[in-house]
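Colleague: Chains A and B supply the protein sequences, listed in that same order.
Be aware that the first sequence starts at 50, since it is given in the working numbering, and climbs by one per residue.
Be aware that the second sequence starts at 381, since it is given in the working numbering, and climbs by one per residue.
Possibly wrong hints are sitting among the right ones.
[Stated by the list, open to error] Calculated cross-link-like contacts (lysine-lysine; reagent style BS3-like; alpha-carbon spacing at most 27 Å):
id	chain 1	residue 1	chain 2	residue 2
1	A	K115	A	K69
2	A	K69	A	K104
3	A	K104	B	K476
4	B	K461	A	K104
5	B	K461	A	K69
6	B	K461	A	K115
7	A	K115	A	K63
8	A	K63	A	K113
9	B	K461	A	K113
10	A	K63	B	K476
If you are wondering where the hints come from, they were derived from the structure by calculation, not from laboratory data.
This structure is a prediction, so every number in the text was calculated from the model and none was measured.
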Amino acid sequence: GAVVSQHPSWVICKSGTSVKIECRSLDFQATTMFWYRQFPKQSLMLMATSNEGSKATYEQGVEKDKFLINHASLTLSTLTVTSAHPEDSSFYICSATQLSSGTTDNEQFFGPGTRLTVL
Amino acid sequence: GQSLEQPSEVTAVEGAIVQINCTYQTSGFYGLSWYQQHDGGAPTFLSYNALDGLEETGRFSSFLSRSDSYGYLLLQELQMKDSASYFCAVRTGFQKLVFGTGTRLLVSP
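Pulled out of the complex, with its shape left as it was, chain A reads as follows:
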């Protein structure tokens, strides 16, 4: 199956610093990548949808200047949490959908997630 990786798997940073999280599709080209945030024992909340070469589409209530998304290639998207604060501490998960027309477009392949802790 399609594999999506994230780096780093966990990060601890000081309040006010910026953190970059990478999401890569390893064995396929991703038309679209999604970024989710998940607080402990809660559901996944979609933050933004990212298409290669274009600006990300953010969900209502998500600050685009705080959560910068870059989708530079068909295999890489990055999420930068700028000026992180303790309330940004969460599990950030990316997902990707395949480019191939031979696949069903109903399946998103999820990365393993990045746990961010802001002190």
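Given the structure of chain A, go ahead and fit chain B onto it with the hints provided.
Modeller: Same frame as chain A, but now just chain B:
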């Protein structure tokens, strides 16, 4: 608004059958998916229903009734490794998913 409601927790014993329900109210509907997530892990895809009826994949089956805005995931022959959180998710637009509240399944010996 969008809402997908699931029971918060379900408990069962090994070998049993359990059903996890999902009722949804969304602005768009293309299909209902189910995902499994172990603690600290990534969600993994289990099933997808675009049309009414039952889809069977091994020990897992999923059902959808679009007229009732309702679906369920049926897990048979439960194993300890099935202890995890299960999320329903509605595909509301092109490849876009809205996730349910999640159900924590605890399987005991």
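Colleague: It remains to establish, for every hint, whether it holds in the given structure.
Modeller: Each hint tested on the structure:
no., hint, result
1, K115/A to K69/A, "12 Å, holds"
2, K69/A to K104/A, "17 Å, holds"
3, K104/A to K476/B, "16 Å, holds"
4, K461/B to K104/A, "40 Å, violated"
5, K461/B to K69/A, "33 Å, violated"
6, K461/B to K115/A, "38 Å, violated"
7, K115/A to K63/A, "16 Å, holds"
8, K63/A to K113/A, "21 Å, holds"
9, K461/B to K113/A, "39 Å, violated"
10, K63/A to K476/B, "33 Å, violated"
Of the numbered hints given earlier, the model fails hints 4, 5, 6, 9 and 10; all others are met.
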